[in-house]
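Asks: Sequence:
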Amino acid sequence: MLKWRAICICRVMAISLSGVIRRWFLTLALLVVLIGLGSQGLSAADSNERLIWLRAEIARHDELYFKKAAPEITDSEYDTLKRELRTLEKTQQPVMGDDRSGDFATQRHRQPMLSLEKAYTAEELRTFINKAERTLRREDVVWVIEPKFDGLAISVTYEGGNLVRAVTRGNGLEGDDVTANVLTITAIPRQLPAGAPAVVEVRGEVFIDYAEFARINVERDAAGEESFAHPRNLAAGTLKSKDPAEVGKRRLSAVFYGLGVWEGAEKPPATQQALHARFKAWGLPGVDKVTVVKEAAVWSAVEEFGRERSRLSYPTDGVVVKIDSRSEQLELGAGEDAPRWAVAYKFAPERVATRLKAITLQVGRTGAITPVAELDPVKIGGTTITRATLHNLEEIKRRDLRVGDFVYVEKAGEIIPAIVGVDLELRGSEVKSYVLPEKCPECGVAFVREGTSVRCANNECGAQVRRRIEYFASPSGVGIGGLGPALIDTLVAKKKLTGVADIYRLRSEDGVSARVLAEIEKSRRVDLARLIGAMGLPGVGKKGATALAVRYRTLDELVQAEELSEESRTLLKDLMAAGVTSSVPGVLEKK
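In my numbering, the protein residues as written are 51 to 641.
Everything labelled a hint here was simulated from the structure, so no lab data went into it. In this text the structure is predicted, and so the values were computed from the model without any measurement.
Listed next, the in silico DSSO-like pairs over lysine-lysine satisfying Cα-Cα at most 27 Å (straight line):
#1 LYS330 / LYS344
#2 LYS592 / LYS292
#3 LYS623 / LYS545
#4 LYS330 / LYS317
#5 LYS593 / LYS572
#6 LYS344 / LYS317
#7 LYS407 / LYS429
#8 LYS489 / LYS544
#9 LYS546 / LYS623
#10 LYS292 / LYS572
#11 LYS447 / LYS407
#12 LYS447 / LYS489
#13 LYS482 / LYS407
#14 LYS181 / LYS344
#15 LYS592 / LYS572
#16 LYS447 / LYS482
#17 LYS545 / LYS489
#18 LYS489 / LYS407
#19 LYS572 / LYS299
#20 LYS592 / LYS623
#21 LYS572 / LYS544
#22 LYS593 / LYS292
#23 LYS623 / LYS544
#24 LYS132 / LYS593
#25 LYS181 / LYS132
#26 LYS623 / LYS593
#27 LYS592 / LYS132
#28 LYS317 / LYS339
#29 LYS330 / LYS299
#30 LYS339 / LYS429
With the sequences and hints as input, model every part of the structure.
Replies: Here's what the structure looks like:
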């Protein structure tokens, strides 16, 4: 524990120092500690502690990325965590992402559906290729370069030529059975032509192209609903919808590039190129851009793809470099979570410059204040960016961001816009440091500082009320389709919504469509754990909501719970008075 104790001592010593000096001291002191102790390595206790933290952190980011489609870190940062975990785990079971949602039946993959090893530099890519060629003891290996589609991995099985099953990757061993939803995707044929193997499992990706992404967001804007942030979020959420009819309304696309099971008299195609040709002959959507080269030309081909990538009609986040020969693929085999014959090269996030027009303050449902950068419109990766979160006020100080600056923007993980730098050479003398207002821009109540964070302490603040209603109606809440931020803002302004329970008192004369009213009616009875989560009780996450539901079973019991604050108890009573009923499945609500 010596290293961790030394780090803690450094942090304690730094508390008494001023801001800038403290940061310099911490950086220098921690560097000295880590260099001085680095050769000792981690003790067994430290290693175990770090393992536990890494596994929990990776699981948390898997939940955000695979299930909620709301990542907080970049792909590169995520892969760094996994690489560190691999080093510490040695012979232990590796970690793989898990997209299982708990809302679908699961199916076990007959052959594991693995991930891919990642490369972020030319040197890492060359190292992978050289290792594969040394293992094969050949220098004339043919490599195939394909786009790395940014969607959701899928396995589709045909038996007797008929589509019988579609399963997501899940944890690599089993995934969600999304057959009903996949059957609505017109790009995926329900039948293969005569001559197909008795059983064949094709593997690929479900995604949404930029044109369809734009069309859906235009419709949502017109309906007063929040736009989707990224095509992958939309594709993942759509494929995991419980309503196949709704899935069919969104034109999901698909691409297939791999094989799982193959049972038939004929042998599988002998090369990746031949596999693409076979998929095309069967009417399966295949990869439209494939480059075939020897090792010496791989990097040039990767760079060429990077230059052309912005002109593609679909989202990508890199290329996949594969050995062409199936026999060589089989000879190399696979590790615990990735094949040894294919690697994903991930492009660095696209970076563009634009002007910081303003810094606005966003009031959350709990009163937390989040600064937001308002930007001159700029296009990154097929989408137009006008805003970027600044996370907290310390971020503004750390980067010395000033209104009027020219800033560099990237999409973290190719999804979340983030400011990564300032062009100081273009900063004019008229540009002044940012000064935080003293009062909430919504209600005028003075801000309260809590450490490095700032919040509005007025629970009746209009912004907090709107955010609480938005959260309750969102997919993370009870899931009221069509009741998005724009409509909520309108209804709050008209005084038709003053709190969450007012949702269930809305009528058509309030300007609410029949479709939204039907969604509201459908949400009157939901699983108790989901309702508790939607209420946004302080300190109660998904696991806490489930625990409360199991303990109290019905609303009548929950309303008496000691754990509830008076404010939460009042909200629950209001919901019950508005006709909301809920219980743990299998338990009847008291009348």
